[in-house]
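Colleague: Protein sequence lines correspond, in order, to chains A and B. Numbering-wise (numbering that gives the first Met the number 0), the first sequence opens with residue 0 and increments by one. Numbering-wise (numbering that gives the first Met the number 0), the second sequence opens with residue 0 and increments by one.
Hints were generated in silico from the structure; no laboratory data involved. Even glycine gets a Cβ: it sits at the ideal position worked out from N, Cα and C. Just so you know, nobody snuck in bad clues.
Some chain B residues near chain A, calculated using beta-carbon distances under 7 angstroms:
id, residue
1, Ser147
2, Arg148
3, Ile188
4, Ser191
5, Ala199
6, Ala209
7, Ala213
8, Lys216
9, Ile290
2 protein chains.
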Amino acid sequence: MKIENVCILGAGTLGTRVGLQSAISGYNVSIYDISQKALDGSFQVMKKILHQLKKSDLITEDASVEALAKIHFTMDSKKAVANADLISESVTEEVDIKKKVWKQFGEIAPEKTIFTTNTSYMLASMFAEDSGRPSKFCAFHFHDVFYSRVVDIMPHPGTDESLIPILEDFGRSINQVPVFVKKENPGYIFNSMLLALIGAAGRLLTNEIAEIEAIDKSWMVNFHMPMGPFGILDSIGLDTAWHVTHNRRDSASQAFAAKLKKYIDQGKLGEKTGEGFYTYPNPSYKDPDFIK
Amino acid sequence: MKIENVCILGAGTLGTRVGLQSAISGYNVSIYDISQKALDGSFQVMKKILHQLKKSDLITEDASVEALAKIHFTMDSKKAVANADLISESVTEEVDIKKKVWKQFGEIAPEKTIFTTNTSYMLASMFAEDSGRPSKFCAFHFHDVFYSRVVDIMPHPGTDESLIPILEDFGRSINQVPVFVKKENPGYIFNSMLLALIGAAGRLLTNEIAEIEAIDKSWMVNFHMPMGPFGILDSIGLDTAWHVTHNRRDSASQAFAAKLKKYIDQGKLGEKTGEGFYTYPNPSYKDPDFIK
Chain A
0 MKIENVCILG AGTLGTRVGL QSAISGYNVS IYDISQKALD GSFQVMKKIL HQLKKSDLIT
60 EDASVEALAK IHFTMDSKKA VANADLISES VTEEVDIKKK VWKQFGEIAP EKTIFTTNTS
120 YMLASMFAED SGRPSKFCAF HFHDVFYSRV VDIMPHPGTD ESLIPILEDF GRSINQVPVF
180 VKKENPGYIF NSMLLALIGA AGRLLTNEIA EIEAIDKSWM VNFHMPMGPF GILDSIGLDT
240 AWHVTHNRRD SASQAFAAKL KKYIDQGKLG EKTGEGFYTY PNPSYKDPDF IK
Chain B
0 MKIENVCILG AGTLGTRVGL QSAISGYNVS IYDISQKALD GSFQVMKKIL HQLKKSDLIT
60 EDASVEALAK IHFTMDSKKA VANADLISES VTEEVDIKKK VWKQFGEIAP EKTIFTTNTS
120 YMLASMFAED SGRPSKFCAF HFHDVFYSRV VDIMPHPGTD ESLIPILEDF GRSINQVPVF
180 VKKENPGYIF NSMLLALIGA AGRLLTNEIA EIEAIDKSWM VNFHMPMGPF GILDSIGLDT
240 AWHVTHNRRD SASQAFAAKL KKYIDQGKLG EKTGEGFYTY PNPSYKDPDF IK
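Here chain A stands alone, though its shape is the one from the complex (with noise of 0.2 angstroms):
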């Protein structure tokens, strides 16, 4: 099957951010929130993302024009899902929210809709059934799209095997890379490796082993790397990776997120509220003098 239309459920980061790479790419996208405000708010950060890409080079002003020219915004549901060829959801991370979403979709999608989930934490497997539609849902996961270009393709016990060519094509035709998880995995698999090295790191800081700075360079300098795992983890959100490193029972994981409650509750989320391990925007390890 030809995919045209592409269906974003869900305006927030990474919404935005599938959305806009499809268009650039010569979809049809329409972006679908319950919020205008979100809407708005995408419209926005897909202006700042085109600038910054006609700023490096990397598209002109008349495809940037275009692009934002092939998007859709919508809080009409149905208006949204008309002719859509591939729907892809990233909606709240909880579980009760993506049933609900699935449910409303699965009823109104056209029957040719391919169904994928953004969801990062969770499994496809936990509401493919709510669509309705399960050997048609697979979990097709985008990291940040224009600097990670990876999209996991996983699908659940139930997917129809013949979606999987049908997503990777759609995958390189919006400039990333298809990576096949041969069966369902939390973290699919860069986040599983990513949780591990930043878990390694939060022993060596828990530990007294060494400071967050000589733990940075060292994988900076040896890697030759913009930036060390505790930097990873200003970029990504302390909240963000509280709740994941809080989720796990292991003692290594609950002292590393005690760790991190003490920067949350000093309102340091990271990067996003301008300080976490580091301050923002200069944060000491993008001095040249860091890695001395």
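For chain A, the structure is supplied; the task is to place chain B on it using the hints.
Modeller: Relative to the frame of chain A, chain B by itself:
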């Protein structure tokens, strides 16, 4: 104190690289080994590295000749250490050998000499006492000197703290980035984190969540890195990785160790044998099409 003369014990991979970089940075270097063959091999490797540095415009022909002229290879322990300000020990990773070597050099080294061990898998406290001068003894651990330029400074409980700034300065003077490890930790900083990453990759493989290529691709694309965990394992050597993994008693590590063993039994030790998870010299992950 001013360091002028560096004595390297053990002319293997790391001893050779630390010795060469020290000479490039202007130090007088003696390389000691019990095997003439090892010393000859070390000299050949140095010439190869210098050739590559010249090709990359990282060193001039004159500086390269000057560096080699500062290096003295010897099987005579007394000559090796005669005027040493600092010993960097990189002998075989067996505790009895380390103990023996440190006893020997503790007896003949000048009073001024700082003792450092480059051990990757042991702790300085396991043989510092054997040197007879534990307060002048500290772990000073290199990664690969030229690409990965972190040097860990990790005191054992008996290390005199005044050594730390001396080692930091010396580390910087030989183009490394010193990081301070506050107390003894197996794996220092970077290796602890790398092992966690590799463990997570191993679990994804042994739990049949994803294939090797999908796992590596996820890491490479999202972090813009030239290789993923299995490419890294091939460069470390599957035998070394098996040794470390096998020593961890949890079931996930044991399952991955068993997987590694299958490769090892077929002679597939990684890059050094021409095959591991990938085949060399042209592994598929280096193909630009790999990350599409």
